[in-house]
Amino acid sequence: MARYFSIFLTFARACLVRDMTFRANFVLECLTSLGWMSMNLAFYLLVFQFTPEIGKGTGWTREPFFAFVATGLIINSIVQALFMPSAEELTEMVRTGGLDGVLVQPLDAQFLLSMHRVDFSSFANGLVGVGLLGWAVSRMDHTPPATAWLLYPFLILCGVAILYALVIMLAAATILLGRNQSLYDFWFYLTNFSRYPAEIYAGPWGGPLRALCTFVIPILLVVNVPARVIALPLEGQAWGLVWLAVTAAMASLVVSRIVFQTALAKYRSASS
Amino acid sequence: MSRAAATPLLPGLRAWWTMLVICLEERLAYRGDFILGTAMRFLPIVTQVFLWTAVFAATTRSDIAGYSRTDIVAYYLLTMVTRAFSSMPGLAGGIARSVRDGSIKKYLVQPVDYVSFLLAARIAHKLVYYAVALIPFGVVFVICRGYFPPVPDAATIAVFTLSLVLSFLLGFFMEATLGMLGFWFLEVSSIIFAYMLVQYLLSGHMFPLDMLAGVPTGLAGVSVADVVRWLPFEYTAYFPAAVWLGKIRGAELARSLAIETAWVVVMAVACRVAWWRGTRRYSAFGG
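Chains V and D are the protein sequences, given in the same order. Here my numbering is used: the first residue of the first sequence is 5, the next is one more, and so on. Here my numbering is used: the first residue of the second sequence is 109, the next is one more, and so on.
Any given hint could turn out to be false.
Taking CB as the label site, the calculated pair distances span [stated by the list, open to error]:
#, chain 1, residue 1, chain 2, residue 2, range
1, V, Q241, D, V248, 31 to 37 Å
2, D, A321, V, K60, 23 to 29 Å
3, D, D334, V, A150, 46 to 52 Å
4, V, K60, D, A370, 31 to 37 Å
5, D, R205, V, R7, 35 to 41 Å
6, V, G105, D, P324, 53 to 59 Å
7, D, A370, V, Q53, 19 to 25 Å
8, V, M24, D, A321, 42 to 48 Å
9, D, G322, V, F9, 49 to 55 Å
10, D, R208, V, F124, 23 to 29 Å
11, D, P244, V, V259, 26 to 32 Å
12, V, A46, D, A328, 20 to 26 Å
13, D, R205, V, A46, 28 to 34 Å
No lab work stands behind these hints: they were computed from the structure. For glycine and all other residues, C-beta sits at the position ideal for the given N, C-alpha and C.
Using the sequences and the accompanying hints, generate a full structural model.
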């Protein structure tokens, strides 16, 4: 484990050196990333011009909702920085046969393929997320208890674990399909479901969708559980969701590992 | 350096047909990836439908900026159709990349017009996309038929169709022009990303632009929506959808169509000028 951590630090250092070599590009990437985020925040502000709450009686008024958005920013920035750059490279590696070189290394293939690139500019959104969280929490009617603050970082990690498992399974799909240029799109579209409170998925279509995205592909637990713990009173159903998020995180990691290993076993080299 | 050969009509058409067939075959080479990508495009709209349903549930308003709950759902579904015409995934990035890696030089020495080739490739791309997307689009529209107002009259349908064709051309020429900035800048990915941001916000893809009517610009009596109306972006998503829903009629409709046509001409000329000037300053070395 220590060896892998040390190797990861070496990868991260190399990526940081690379980013700092092209500082202007790094700053530009941070700015574009912040631009995308600002645009979404502007959209949410516009929505709250027309309604006091997202869903009647849900408790997701403006400030709690922005705490929700901030939580999403933090989780997504971690995943975008640590895992997505490597996963995106995989799509071309499978098609061109570059994956062969990884498979003969004396290291775990999943580790190498999912963590060899770190995109430091993606952390910019996370930092803004922390600031936004502070702003939203300071303006909320309800003050989060100490338990909520203790659980919050742990649940953030659970959310990251669920998304990591999803990235790994999409990477496995790449290996099986031969090419998966849609990987990033699929990631974007799927994580889209996690961008809003679970309560919006109601009614004859929303109920089953909510169940599907909670118990089968637990994407709704990623942001909802930590955000609910910090932004809404920690009582009753919230504890059940905490346990569900922890269980889903562990199960996702195990399933993704099995799926990835199975896909690797089916890999046929594309190189000559 | 560019040399557009003066081709007689029949061989010219044959070249177009060949380009179309090549691109069709290329699109179908990785069918799994393509079908997956097509089906996934419906996912974001699902969240938007639920979001706005939740918004309407929590407010006492019967409409927001003139849109009822059903209007909003219909609007998002119609922007999906519009975006299917106007979005050009990979076009600008592909042009910039071929300038950077030098592969564009083959179009400079062959009797093939690069812009025409790109247009044929994009038409092929869209044809395959529509063939694949027809089924999921049909299913979604049948399921959601209750959200739509009655089918508009033939004139409105004709204007809607025309606006879709124009949105395809506008999207193509805007992105192609953007890609040709690669002749002047080594890396254009950040410019493309910035364009996509502006495009997503101001095209109406994110929300009906009528919602900006109440957002002031600082100029007396001028809202953000008034400014956006003169920009090309809204014609790539908002305008055709608003036409179908009957939100734009009469003189305003004629004026909007004229603005859209003018933007298509401006961007087509800009694309040609960028190509001529770009290829004049372009230099390639080695094999």
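Hint check against the structure, violated hint numbers in rising order: 4, 7
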